[in-house]
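Q: Each chain, written out:
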Amino acid sequence: MAVITYREALNHALREEMERDDRVFLVGEEVGVYGGAYKVSQGLLEKFGERRVVDTPICESGFTGVGIGSAMVGLRPVVEMMTFNFALVALDQIVNHAAKLFYMSGGQFPIPLVIRGPGGPAHQLAAQHSQSMESYFCHVPGLKVVRPTTPRDAKGLLKSSIRDDNPVIFIESETLYGVKGEVPDDADFLIPLGVAEVKREGRDVTVIAWSGMYYRVLEAAEEVEKSDGISVEIVDPRTLRPMDTETILGSVRKTHRVLVAESGAGFAGMGSEIAAFITEHAFDELDAPVERLFGADAPMPYARNLERLKTPSKELIIDELRKLCSV
Amino acid sequence: MATTKSGPAALARGDAAVGLALLEQMQLIRRFEEKAAEMYALGKIGGFLHLYIGQEAVAVGAMSALRPDDYAIAGYREHGHILAKGGDPRRIMAELFGRKDGVSKGKGGSMHMFDREINFLGGHAIVGGYLPLAAGVGFAIRYEDRQRVILCFFGDGSVPQGEFHESLNLASLWKLPVVFVCENNRYAMGTAIQRALAQTDITKFAAAYNMPGEACDGMDVFSVRDCVGRAVARARESKTPTLVEARTYRFRGHSMRDPAAAVYRTKDEVEEEKQRDPIVGLRERLRAAGLLDEAAWDALAERVEARVNDAVAFADASPEPPAEWLTADVYA
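Heads up: the protein sequence lines correspond to chains A and B, in order.
Residue 325 in this note's numbering is what sits at position 325 of the first sequence, and the numbering runs on without skipping anything.
Residue 84 in this note's numbering is what sits at position 84 of the second sequence, and the numbering runs on without skipping anything.
Calculated directly from the structure, the hints in this document are not laboratory data.
Note that CB positions come from ideal geometry on N, CA and C, so glycine has one too.
Hints should not be assumed to be uniformly reliable.
[What the hints assert, rightly or not] Sample of chain B residues at the chain A side, in silico, Cβ under 8 Å:
(1) S64
(2) A65
(3) R67
(4) H112
(5) V127
(6) F139
(7) N169
[What the hints assert, rightly or not] Reference listing, derived: stretches of chain A covered by chain B, where coverage requires no fewer than 3 residues with Cβ under 8 Å from a Cβ of chain B:
(8) 87-98
(9) 108-115
[As the list claims (entries may be wrong)] Straight-line Cα separation of at most 25 Å, SDA-like style, residue types lysine to any residue; simulated pairs:
(10) B:K175 to A:I58
(11) B:K239 to A:D22
(12) B:K175 to A:K323
(13) B:K175 to A:P57
(14) B:K239 to A:E174
(15) B:K175 to A:E30
(16) B:K175 to A:E219
(17) A:K47 to B:K100
(18) B:K175 to A:F48
(19) B:K175 to A:D55
(20) A:K47 to B:E144
(21) A:K47 to B:K204
(22) B:K239 to A:R51
(23) B:K100 to A:F48
(24) B:K239 to A:D55
(25) B:K204 to A:D22
(26) B:K175 to A:G49
(27) B:K175 to A:K254
(28) B:K239 to A:P57
(29) B:K175 to A:L45
(30) B:K175 to A:Y34
Kindly generate the complete structure, drawing on both the sequences and the hints.
A: Here it is, written out as C-alpha cells:
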C-alpha cells in the first residue's frame, strides 16, 4: 500500500491496464506530448508510444466517434476529455451512438469504452469550465456513470471501467487531482462498478455524497459530532449508474434520516432520483422527509465570493444536519 | 442500341459474369424496396421507410470492390447496402416487420440494420454522426496492422455537418484505410444541394483534407466499381483514405411519408433522371454485348422475385420479439 495522489492513482490504473491488454489505448487532446492537460497521462507516451497514446486535434465529436468505432471492432479505448464540459460537444456520439449501439444492433456490438476526464466545480473557471453533469449522463440507458472520490476509488474504479464491456462515463475532478491517500499496489486491485461504500459510520443520519462534496460533508460531520453529538454516516455511491441502492437503503434503515448533498443542479438532479427511490422503497423507515442540498439554480459565476455561494457550503450542510436531527 | 450516356459503350468479355451478378443484385434491391413499399402500405412496416430505388448502382458497385472481411457502414437509407454486403433478405425483411428474426432482433428497424457476420456496422440515423465511427474502424484496422478497409456511405446531406469534416481530417491526418462514399442524390430530404453547400463540387473537399477525391457516375455500376476499387486498393496498400462522390438520384420521395416528392423538385426532372435508371442501363449494355437475352433476363427476374417473396413469407412467419427483450441488451 502506497500513499499517492488521485492523479497518480489514475495514471497507475491506465498504465497497468495498458500493460495488461494491448487492445487498451488512450486518445484525446494533449494526452501524449503534453502529458495531459492535468498530467494524468504523464509518462504514458514514453512507455507505450504513439500507437497507444494518441494526441488528437480539437474535435471532441470526431475523436469520441473514433473511440466508439474502434470499440465496435474489438479495441478498448479510453477517451480523455480535457474537461467534461467539452464532452457536451460529443453528446450525440455518447448518447446516440455509444449508449445505443449494443441495443439497436440486437446485442451484436458491445462498446467497451471509457470516457474520462475532470468535471464538476473547479476553482474560478467560470460557467463553461465548471459544472456538474453527472445527471445528464445518468439519464441515458446504456451508459454507466462513475464518480470516484478518493485515490483508492480512482484507481480501482478506473481499472474496472476499462475492463467493463459497456460505455463508462468516468468523471474525475480538478479539485481532487492533488488529494493523497492509500492505494493498493496490486495490479489486480479492482473496485467493482455499482458498489457503494460507507465511508464514515454513524447512527443518527445518512448523508449521500460523492466526489468533492464528500470532503465537505466529512468536515461538516466531524464538526457537528463535536458540537452537537450528531453521529453522521456518509455513503459514497461511487458509481451513480447503476446505483447501489441496497447499500443506501441499508444505511437508511439504520439511521432513518437522509440528506443528499451534491454540487449539481437540484431540478431533475441526482438528489431528486435518490430521494425518490428512498421514498419508494423505504418510506416506512424514514423519521423525516429526505432532504436535499444542491447547487444554486444558476451557471457557475467567476467571482470568488459568488462561486463559494454556488455550491452547498460546510455551514449549510451543518445547518441541514441539525434541522434533520431535530425532527 | 442505346447504352448509358456516361458509361463505357462496350463491355469487356471478362466483365460479363461480373455484370450479370451485379445486375441481379441491383434487381434484388429494386424489387426488395418495391415490395417493402407495398408492405408499408399494408401496415406491416411502420415508422420511417427510406427507399433506395434509383441509387442501387452505388451500393452494389462499391461493395463489389470489397473482400468479405472488409467493413461497411451506412446511414438510414441502408437496405440496399446491407443486401449488397451479402445480408440475408429474409432477416432484413423480418427487421422491417419488427420481428424476432430480424437482423437486429426487431429492435433496430429500417434505419438500424446491423450484421456482425458480414461486417456490416449499421444502420445509423443521425446524418453525418457515424462518419467518426468509420474513422474509428479505420483506426482499429491500422492499430492491429490488418489489411482491411472500411467503406463509409453517406449522402450529400452529411457534407455540411461538422462530423464529415472532422472525420476526413482525422482519416487523412492519421492515414486510415477509410473510403468515404458520398452518394450525391442532390437532395438532403427536400433541400437541394445548391441550397445547402457553398461548394457543390463535393470532390473538392478531398483537396481541403489532403486526400484523393474522385467522382463517378452513380448510375453506372461499373463506374462506381472501378472508382471505389481504386480507392479500396489505395486504402489497403497504403492506408490512404479517399473521398468518392457517386453522382446519383433517388427516384422516390425522401421516405414513404413524402410520396410525391414534388414540392422541392419537378416531375420533369424526375422523369429525365429515370432515363438514367442504373438497372435498365446495365441490362441494355449486357444485351447489346450479346451477354443477356430475353430468356436469361426472365430467369434472373424470376429468381429475384422468388427471393423477395420468400423474404416476405419468412418475415410474416417470424414471431414478434418476446416482451422480455424490451430490457435485454441494454448493457453487455
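Q: With a cut-off of 25 Å on the C-alpha distance, tell me whether K175 (chain B) and I58 (chain A) pass.
A: Judged against 25 Å, a Cα distance of about 18 Å means the pair holds.
Q: Is the straight-line distance between the alpha-carbon of K47 (chain A) and that of K100 (chain B) 25 Å or less?
A: The hint is violated at about 48 Å.
Q: Can you verify the interface hint for R67 (chain B): is its Cβ closer than 8 Å to any Cβ in chain A?
A: violated, 15 Å
Q: Holds or violated: H112 (chain B) as interface residue toward chain A, Cβ cutoff 8 Å?
A: Interface hint status for H112 (chain B): holds (4 Å vs cutoff 8 Å).
Q: Taking only the CA atoms, is the gap from K175 (chain B) to P57 (chain A) under or equal to 25 Å?
A: Given that 25 Å is the threshold and the Cα spacing comes to 14 Å, the pair holds.
Q: Given the hint that K204 (chain B) pairs with D22 (chain A), does the C-alpha gap stay at or below 25 Å?
A: violated, 38 Å
Q: Below or equal to 25 Å on CA atoms is what counts here, so check K175 (chain B) against L45 (chain A).
A: holds, 20 Å
Q: Is the hinted pair K175 (chain B) and D55 (chain A) satisfied, with a Cα-Cα distance of at most 25 Å?
A: It holds: about 14 Å lies between the C-alpha atoms, which stays within 25 Å.
Q: Hint A65 (chain B) vs chain A: min CB-CB distance below 8 Å?
A: violated, 20 Å
Q: Given the hint that K175 (chain B) pairs with Y34 (chain A), test it: the Cα-Cα distance must not exceed 25 Å.
A: holds, 22 Å
Q: Would you mind confirming whether the straight-line C-alpha gap from K175 (chain B) to E30 (chain A) stays at or under 25 Å?
A: Status holds; Cα separation ~20 Å.
Q: Sort out whether K323 (chain A) lies within 25 Å of K175 (chain B), counting only the CA atoms.
A: violated, 63 Å
Of the hints listed earlier, those the structure fails to meet are numbers 1, 2, 3, 5, 12, 14, 16, 17, 21, 23, 25 and 27, in rising order.
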